[in-house]
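These are the residues of each chain, in order.
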Amino acid sequence: MTALLDIAGLVTEFRTENGPLTAVKGVDLSIAKGETVALVGESGSGKSVTSLSVMRLIPERVGRIAAGQIMFTGADGTRRDLAQLDQDEMSRIRGRDIAMIFQEPMTSLNPSYRIGAQVAEAARLHRAIGRRAAWDLAVEALAQVEIPDPVARARAFPHELSGGMRQRVMIAMALVCDPVLLIADEPTTALDSTVQLQILALLKRLQAERGMGILFITHNLGVVAEIADTVAVMYGGRIVEAAPRDTIFTAPAHPYTRGLLASLPRVDHAARAAGVVDRLVAIPGSMVDPRHPPPGCDFGPRCAHVTDACRAAVPGLQEVGPGHQTRCLRWSEL
Amino acid sequence: MSGPLLEVEGLKVHFPVGKTLWKPGATVRAVEDVSFTLEKGEVLGLVGESGSGKTTLGRSILRLVEPTGGVVRYDGQDVTAAGPAELRALRSKMQIIFQDPYASLNPRMSVRDILGEALMLHGVGSRADRGARITALLERVGLPGWAADRFPHEFSGGQRQRIGIARALSVGPGFIVADEPVSALDVSIQAQIVNLLSDLRRDLGLSLLFIGHDLSVIEYLCNRVLVLYLGRVMETAPVGPLYTRPRHPYTRALLDAAPVAAPGGQRERIVLTGDIPSPLAPPSGCVFRTRCPFAMPACAEAVPALREVAPGHSVACLRADEIDLASR
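As they're listed, the protein sequences go chains B and V. Per the working numbering, residue 269 is the first one in the first sequence, and the count goes up by one each step. Per the working numbering, residue 125 is the first one in the second sequence, and the count goes up by one each step.
If you want the footprint, here are the derived chain B segments under chain V, 3+ residues with CB under 8 Å:
1. 428-438
2. 456-465
3. 479-492
4. 534-546
Simulated restraints, written as ranges between beta carbons of each label pair:
5. ASN378(B) x GLU263(V): 47 to 55 Å
6. SER402(V) x ARG329(B): 42 to 50 Å
7. GLN586(B) x SER159(V): 55 to 63 Å
Please keep in mind that the hints were generated in silico from the structure rather than gathered at the bench. If you're wondering where the values come from, they're calculated on a predicted model, not measured in any experiment. Just so you know, even glycine gets a beta-carbon here, dropped at the ideal spot from N, CA and C.
Bound-form chain B, shown alone:
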């Protein structure tokens, strides 16, 4: 089966006063229909820039896709390289075939328009329908995302809704044109965990009904466990490990992935009662500075297992098991 999205060798750089700054350094990623791929990383890892590159939302004067292909199969079956499209062609795909939701819905909604009108506008952008029909479609979309009393709520303004409800509106707006790919950039990060759980369940339900692919960007490994089929871990602009979800948690191969999992607090109350002093295993140091990447492996300076070979060159992705790759020279000995 051909993938919905096939990213190969994506390199994205930004213009800065001191010359180009490479934020994404050769990312390969593919998403099948109905699949959820979680792109995991900390701030500065390049995960959001990867998604903005797919959406071609990086303005010309700010940065550019310097290399690579983004092959995408649209709803009509045509396969195109998004990296080569001009902005007119891209604007027909954006919102119709690929939709995106963001972390903070309040900044993406217009405060002075009723939410029904904003969802209807999204529908009318890509469909030849009248105002009346678009409004009805919007109300239906709001019902789809489980907003109570959608007929009345369509007339509400964004500030009248809670954070969770606003994120539902964003999802309604994103899905009103039946996209085949949804890019969700930290959509639940600003929400309470109780509401986060509701939004994740909603996304899962809508995906099961529509069979869309989801690229889910997050830093939260708990959310990954909840929603992902496949996981790609990014560090310093590269994917350092990719694997099916369960493998990431049960058999992580890269020291960074292991470090992330080990740094999550887990408490053994019985051991504690017996006087055992437990200490969190933190990853020392801080995130790689993209202006001054270290020689060789980006994680090298923070890695306990670093050798001269790691510093000599950036390790390639190595096959560890079925669908499981890691960018570490020493994975087999660790």
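Go by the hints and put chain V onto chain B.
This is chain V only, laid out in the frame that chain B set:
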């Protein structure tokens, strides 16, 4: 000293909203009748959804927000009745760390000036030994001595939070309100700061009120937990019993909602529908009843009292004895 370090009794914070010449306006009861004590060296976790009053409670203890009613005592001294001079003296014993370290550090001041200002305002040490104190403080929070001459923007998020902690420590407090100090940090950095707070508690005998929403961090760091909902205490217990045997449906729902970084085997959970109600119009009786799967008519009638169900374990739920919520 015999009593607890910090005593909070019936604390209330009400905010008037929408009052004009013609309209009487309404009252938001952000914190309503909260009582607890904190021992020396103890870490109390404060959890609840946004809008539950966690931050307001933390700030009202330091009188950064004026309480409407109730009493706060630090080491036996009445904080709520303290005059300006007394309050300033008390603030050198009671400090706060904020969520966003960048927003709480003046970008035009070097780290030396930031820490030095705190020392000067509280008259700690002489001018001559301030330099040595600053170096010692930086070392205490795991920063190199040369950090003193740098500015906040030159540091990463984790390092900035260390500066925020150093500033709070500079005046030698016994009690610190830590308002979501690790929420804005990356996962790999979060553990470093949690470890630092844990060391400070142990080495300096600090007491902490730790406000957070990551229940695994709370479980790791805290001795006891207070669960807040719409400004009221739903449950309070030592951390072990609270996590293994919660007695309030809201506590159980919060625990269930925390995503677990482990594959498969999702347990049976209580999933809350909807959002926390507006604090302008809280439900009658038990404020949680509108989202509670166990609510019954009696829950709407009166606010359930917080009653002790086991030593140190109190719960404000009418049905705490009949419903079984044992979790993990």
